[in-house]
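2 protein chains.
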Amino acid sequence: MTTAPRETGRSRPIVALSGGVGAARFLRGLVRVAPPEDVVAIVNTGDDREFYGVHVAPDLDIVTYTLAGQVNESLGYGLEGDRFEIVDTLDKLGHPAWFRLGDRDFAHCLHRTLRLKAGAGLAEIADELRRTLGAVPRILPMSEDPCPTLVDLVDGRRMHFEDYMIREGAPDAVASVDLGAAQVARPAPGVLEAIAQARAIVVCPSNPVVSIGPILAVPGIAEAIAKSPAPVVAVSPIVGGAPVKGPASQLLRGIGVEVSALGVARHYQPWIDGYVFDQRDAELESEIKALGLETRVTDSMMVSPDAAARLAAATLELAESEA
Amino acid sequence: MTTAPRETGRSRPIVALSGGVGAARFLRGLVRVAPPEDVVAIVNTGDDREFYGVHVAPDLDIVTYTLAGQVNESLGYGLEGDRFEIVDTLDKLGHPAWFRLGDRDFAHCLHRTLRLKAGAGLAEIADELRRTLGAVPRILPMSEDPCPTLVDLVDGRRMHFEDYMIREGAPDAVASVDLGAAQVARPAPGVLEAIAQARAIVVCPSNPVVSIGPILAVPGIAEAIAKSPAPVVAVSPIVGGAPVKGPASQLLRGIGVEVSALGVARHYQPWIDGYVFDQRDAELESEIKALGLETRVTDSMMVSPDAAARLAAATLELAESEA
Numbered sequence: 005m006t007t008a009p010r011e012t013g014r015s016r017p018i019v020a021l022s023g024g025v026g027a028a029r030f031l032r033g034l035v036r037v038a039p040p041e042d043v044v045a046i047v048n049t050g051d052d053r054e055f056y057g058v059h060v061a062p063d064l065d066i067v068t069y070t071l072a073g074q075v076n077e078s079l080g081y082g083l084e085g086d087r088f089e090i091v092d093t094l095d096k097l098g099h100p101a102w103f104r105l106g107d108r109d110f111a112h113c114l115h116r117t118l119r120l121k122a123g124a125g126l127a128e129i130a131d132e133l134r135r136t137l138g139a140v141p142r143i144l145p146m147s148e149d150p151c152p153t154l155v156d157l158v159d160g161r162r163m164h165f166e167d168y169m170i171r172e173g174a175p176d177a178v179a180s181v182d183l184g185a186a187q188v189a190r191p192a193p194g195v196l197e198a199i200a201q202a203r204a205i206v207v208c209p210s211n212p213v214v215s216i217g218p219i220l221a222v223p224g225i226a227e228a229i230a231k232s233p234a235p236v237v238a239v240s241p242i243v244g245g246a247p248v249k250g251p252a253s254q255l256l257r258g259i260g261v262e263v264s265a266l267g268v269a270r271h272y273q274p275w276i277d278g279y280v281f282d283q284r285d286a287e288l289e290s291e292i293k294a295l296g297l298e299t300r301v302t303d304s305m306m307v308s309p310d311a312a313a314r315l316a317a318a319t320l321e322l323a324e325s326e327a
Numbered sequence: 005m006t007t008a009p010r011e012t013g014r015s016r017p018i019v020a021l022s023g024g025v026g027a028a029r030f031l032r033g034l035v036r037v038a039p040p041e042d043v044v045a046i047v048n049t050g051d052d053r054e055f056y057g058v059h060v061a062p063d064l065d066i067v068t069y070t071l072a073g074q075v076n077e078s079l080g081y082g083l084e085g086d087r088f089e090i091v092d093t094l095d096k097l098g099h100p101a102w103f104r105l106g107d108r109d110f111a112h113c114l115h116r117t118l119r120l121k122a123g124a125g126l127a128e129i130a131d132e133l134r135r136t137l138g139a140v141p142r143i144l145p146m147s148e149d150p151c152p153t154l155v156d157l158v159d160g161r162r163m164h165f166e167d168y169m170i171r172e173g174a175p176d177a178v179a180s181v182d183l184g185a186a187q188v189a190r191p192a193p194g195v196l197e198a199i200a201q202a203r204a205i206v207v208c209p210s211n212p213v214v215s216i217g218p219i220l221a222v223p224g225i226a227e228a229i230a231k232s233p234a235p236v237v238a239v240s241p242i243v244g245g246a247p248v249k250g251p252a253s254q255l256l257r258g259i260g261v262e263v264s265a266l267g268v269a270r271h272y273q274p275w276i277d278g279y280v281f282d283q284r285d286a287e288l289e290s291e292i293k294a295l296g297l298e299t300r301v302t303d304s305m306m307v308s309p310d311a312a313a314r315l316a317a318a319t320l321e322l323a324e325s326e327a
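Line order of the protein sequences matches chains A and B.
Residue numbers for the first sequence follow the numbering used here, so the first one is 5 and each next one is one higher.
Residue numbers for the second sequence follow the numbering used here, so the first one is 5 and each next one is one higher.
Check the hints yourself; a few may be wrong.
[What the hints assert, rightly or not] Straight-line distance between alpha carbons at most 35 Å, and here's what the computed DSBU-like set of lysine-lysine pairs gives: (1) A:293 <-> A:231; (2) A:249 <-> A:231; (3) B:96 <-> A:121; (4) B:231 <-> B:249; (5) A:96 <-> B:231; (6) B:121 <-> A:121.
In case anyone wonders, no lab produced these hints; they're calculated from the structure.
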């Protein structure tokens with residue numbers, strides 16, 4: 005930390021481990037309080053799946069669309085003003101069309117598919133999309149290898165995360181989450197380098213199980229974080245005992261983690277230095293500190309870009325105080 | 005002909021050999037003067053090509069869209085009111101986007117691609133599309149095998165017909181047309197049966213070289229037509245010494261056929277019985293009759309659905325007079 009030469013400090017990246025909507029909103033705040041070109045998002049690809057013949061990468065695309073200022077704000081995913089001619093037409097022709105991919109969104113996934121067929125890597129393609137759409141921070145997939153996250157339900161059914169999440173509506177009865185594919189994947193080009201060079205590593209307020217979990221499961225990534233001299237600060241995705249959005253409760257319970265800011269802090273404790281959580285959970289501070297973590301208690305509800313920027317600023321301050 | 009039992013006459017089909025725009029307009033006329041459920045279009049698939057990762061079948065789709073009343077009238081192809089988000093987005097991302105496929109049009113081609121991957125045949129898929137879109141006549145691909153029509157230019161370049169036609173703008177310098185793929189293809193399910201049962205076989209006013217040529221090149225189709233007792237009547241695609249639309253001149257010259265109603269009549273003479281052509285070419289009638297063909301001289305410019313219906317009526321009358 006303190007051994008890094010100060011004069012090159014500005015170009016050392018802020019690395020953000022990132023899932024989908026929550027991470028995207030946090031990153032939009034982060035680029036308002038740090039130079040956007042210094043930010044590198046390492047994004048979960050455990051949600052990636054083929055739909056309608058194209059490679060859909062939900063988390064990469066949400067992050068890209070949000071940082072490019074083109075996300076559909078009301079849906080929280082997809083592109084503002086996008087249409088749904090493709091899925092509606094496929095629906096009429098008898099295809100399962102529960103995954104509501106917009107037309108331009110589809111075209112981006114088609115670009116990804118065509119480029120993959122032509123031999124390009126997922127990282128290179130993610131960079132093409134973010135440049136064309138106009139997002140400044142670097143956006144890296146955690147891996148270029150297929151890393152499908154599988155969910156096992158207590159009734160014995162096993163399914164891809166998107167099937168669990170969207171088709172099934174995230175039912176409660178999760179037995180376990182299988183990150184086996186990520187556990188044998190290789191980090192994408194640039195991932196380990198970014199972590200090694202980081203001046204701070206931020207864990208976005210994303211699902212610990214199916215967003216942050218897969219990133220850490222990729223061999224080499226957790227090791228690189230442990231080796232990095234940069235402070236590692238996580239933002240709790242749990243506020244007042246419930247996730248801000250998404251199926252974190254079901255999934256945390258599924259892996260035996262208490263659904264609270266404290267539960268997630270315990271889950272992350274082995275590899276983080278600091279923890280940012282909401283004032284609604286202030287009574288947990290002493291227990292979280294007792295884990296050996298530095299803390300910041302703040303308003304962590306990102307109800308606006310300003311609120312997200314304040315949360316990001318608190319997170320960066322905590323990181324800097326540890327650097 | 006006269007040996008066919010009269011009592012089953014109504015259910016014996018009118019088979020139409022069909023290319024794209026010209027055929028589609030003619031067929032729209034035909035279904036106004038004959039029971040639509042009696043019409044079977046056997047459609048050229050030599051123009052089929054993969055674009056943007058999907059199987060595009062231009063002639064099948066033009067015919068389907070036109071008979072379903074959904075064609076973009078001003079373009080002559082594609083769907084009325086369709087948008088172009090997919091190709092425009094791909095264009096921005098650096099893909100060649102000279103083939104202007106609309107979004108819903110794309111979705112139909114995506115359906116075709118997904119169904120082909122799932123093991124369905126092109127004929128079955130064409131039927132799914134025409135039923136969903138609401139076209140009554142049966143629409144059969146000439147073959148389910150890949151039959152790309154290749155064009156050789158005098159400068160030595162060889163290209164797929166769509167590249168010649170759309171990307172290159174149909175240049176004059178055609179050395180020859182290669183129907184080699186069609187020459188080793190199998191007729192699609194239903195094609196030979198429809199011809200064998202036909203009460204009339206109509207050759208739509210389509211390009212003789214690249215629309216009708218590929219259909220006849222598929223082994224078994226010309227033989228089935230020759231064996232059929234039904235009268236075979238062709239409609240000239242040449243009016244006043246020029247094609248109504250498309251690159252027929254370049255291509256006819258490329259295979260050594262005179263660009264005139266007479267030239268096409270000579271080209272078709274070995275296998276047709278009757279020939280319908282435009283009043284602007286009335287002075288050619290004695291020469292066409294001298295080929296041994298029955299003739300009808302009429303207004304063959306399909307400037308409206310009514311005009312197309314009149315042309316179709318004249319064509320059916322000629323066929324019936326020969327039956």
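Right, here's what the structure says about each hint:
For the given pair, residue 293 of chain A sits about 23 Å from residue 231 of chain A by alpha-carbon distance, which is consistent with the 35 Å threshold. For the proposed pair residue 249 of chain A and residue 231 of chain A, the alpha carbon gap of about 32 Å is at most 35 Å, so the pair holds. As the CA atoms of residue 96 of chain B and residue 121 of chain A are separated by approximately 19 Å, the hinted pair is consistent with the 35 Å bound. Between residue 231 of chain B and residue 249 of chain B the alpha-carbon distance is near 32 Å, which keeps this suggested pair within the 35 Å criterion.
Using a Cα cut-off of 35 Å, the hinted pair residue 96 of chain A and residue 231 of chain B is violated, with the two alpha carbons roughly 41 Å apart. Between residue 121 of chain B and residue 121 of chain A the CA atoms are separated by roughly 16 Å; this keeps the pair inside 35 Å, and the hint holds.
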